[in-house]
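> Using the working numbering, the first residue of the sequence shown is number 14, and each one after it goes up by one.
Hints in this document: simulated from the structure, not taken from any laboratory.
Here the structure is a predicted model, which is why all the values come from computation and not from measurement.
Ideal Cβ placement from N, Cα and C applies to all residues, glycine included.
Hints may contain errors.
Said to hold, decoys possible - Pairs of lysine to any residue, SDA-like flavour, derived with a Cα cap of 20 Å:
no.: 1; residue 1: 161; residue 2: 47
no.: 2; residue 1: 161; residue 2: 141
no.: 3; residue 1: 84; residue 2: 96
no.: 4; residue 1: 161; residue 2: 95
no.: 5; residue 1: 161; residue 2: 177
no.: 6; residue 1: 161; residue 2: 60
no.: 7; residue 1: 84; residue 2: 171
no.: 8; residue 1: 161; residue 2: 43
no.: 9; residue 1: 161; residue 2: 137
no.: 10; residue 1: 161; residue 2: 84
no.: 11; residue 1: 161; residue 2: 61
no.: 12; residue 1: 84; residue 2: 57
no.: 13; residue 1: 84; residue 2: 95
no.: 14; residue 1: 84; residue 2: 176
no.: 15; residue 1: 161; residue 2: 55
no.: 16; residue 1: 161; residue 2: 173
no.: 17; residue 1: 84; residue 2: 97
no.: 18; residue 1: 161; residue 2: 135
no.: 19; residue 1: 161; residue 2: 97
no.: 20; residue 1: 161; residue 2: 148
no.: 21; residue 1: 161; residue 2: 171
no.: 22; residue 1: 84; residue 2: 48
no.: 23; residue 1: 84; residue 2: 94
no.: 24; residue 1: 161; residue 2: 52
no.: 25; residue 1: 161; residue 2: 174
no.: 26; residue 1: 84; residue 2: 166
Unchecked claim - Computed beta-carbon distance windows for the label pairs:
no.: 27; residue 1: 117; residue 2: 34; range: 34 to 44 Å
no.: 28; residue 1: 107; residue 2: 174; range: 42 to 52 Å
no.: 29; residue 1: 178; residue 2: 23; range: 33 to 43 Å
no.: 30; residue 1: 121; residue 2: 94; range: 17 to 27 Å
no.: 31; residue 1: 44; residue 2: 137; range: 24 to 34 Å
no.: 32; residue 1: 50; residue 2: 128; range: 14 to 24 Å
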Amino acid sequence: MFCGIGDINWGPHHYDIVQWVLDADRSGPVDLFLENDVLQYRYANGVQVHAQPFPGDSIGSTGGARFVGTKGWIAVDRENLVASDPALLRSPLDPNGPRLYRSDSHSGNFLDCIRTRQATICDVETAHRSISAVLLGGIALQLRRPLKWDPQHEHFVNDDEANRL
């Protein structure tokens, strides 16, 4: 996966999509490291996220995320959904597969959830984990060495220097 991390303002807006797709809204990466000077995140399930601008053409002007699989890629940002093969976007969904919470407006969703008491699409824990991933990446870039992160206890493993940051 490729994610245009950006700064701590826009970074979590895009990284929350990555965490959502990885079913990691309540977790985070377990390894952070540089490969060819590009920040990499590895999750407990083995998925690796490349934190860099899209290779080749971007999908829009606001960053986003590109998900690469065996049949091609699908990329999403705040305005666009595109694929290496447009047929990927027309493929029927698995009727037993997961479904994502649909919302067209964060503020509208917030107001709806006040009325219904339903959890918002991006609740406080999701927001916390998304910004944490971006901040962890900043620490890895600053230290320029591999780091092990314990997402359950939210600390670096056996690394006092990284934990101080």
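> It remains to establish, for every hint, whether it holds in the given structure.
How the hints compare with the structure:
{"no.": "1", "hint": "161 x 47", "in the structure": "holds (13 Å)"}
{"no.": "2", "hint": "161 x 141", "in the structure": "holds (19 Å)"}
{"no.": "3", "hint": "84 x 96", "in the structure": "holds (10 Å)"}
{"no.": "4", "hint": "161 x 95", "in the structure": "violated (33 Å)"}
{"no.": "5", "hint": "161 x 177", "in the structure": "holds (14 Å)"}
{"no.": "6", "hint": "161 x 60", "in the structure": "holds (15 Å)"}
{"no.": "7", "hint": "84 x 171", "in the structure": "violated (39 Å)"}
{"no.": "8", "hint": "161 x 43", "in the structure": "holds (6 Å)"}
{"no.": "9", "hint": "161 x 137", "in the structure": "violated (24 Å)"}
{"no.": "10", "hint": "161 x 84", "in the structure": "violated (31 Å)"}
{"no.": "11", "hint": "161 x 61", "in the structure": "holds (14 Å)"}
{"no.": "12", "hint": "84 x 57", "in the structure": "violated (23 Å)"}
{"no.": "13", "hint": "84 x 95", "in the structure": "holds (14 Å)"}
{"no.": "14", "hint": "84 x 176", "in the structure": "violated (40 Å)"}
{"no.": "15", "hint": "161 x 55", "in the structure": "holds (10 Å)"}
{"no.": "16", "hint": "161 x 173", "in the structure": "holds (12 Å)"}
{"no.": "17", "hint": "84 x 97", "in the structure": "holds (9 Å)"}
{"no.": "18", "hint": "161 x 135", "in the structure": "violated (26 Å)"}
{"no.": "19", "hint": "161 x 97", "in the structure": "violated (33 Å)"}
{"no.": "20", "hint": "161 x 148", "in the structure": "holds (14 Å)"}
{"no.": "21", "hint": "161 x 171", "in the structure": "holds (8 Å)"}
{"no.": "22", "hint": "84 x 48", "in the structure": "violated (25 Å)"}
{"no.": "23", "hint": "84 x 94", "in the structure": "holds (16 Å)"}
{"no.": "24", "hint": "161 x 52", "in the structure": "holds (14 Å)"}
{"no.": "25", "hint": "161 x 174", "in the structure": "holds (12 Å)"}
{"no.": "26", "hint": "84 x 166", "in the structure": "violated (36 Å)"}
{"no.": "27", "hint": "117 x 34: 34 to 44 Å", "in the structure": "violated (19 Å)"}
{"no.": "28", "hint": "107 x 174: 42 to 52 Å", "in the structure": "holds (45 Å)"}
{"no.": "29", "hint": "178 x 23: 33 to 43 Å", "in the structure": "violated (21 Å)"}
{"no.": "30", "hint": "121 x 94: 17 to 27 Å", "in the structure": "holds (20 Å)"}
{"no.": "31", "hint": "44 x 137: 24 to 34 Å", "in the structure": "holds (26 Å)"}
{"no.": "32", "hint": "50 x 128: 14 to 24 Å", "in the structure": "violated (48 Å)"}
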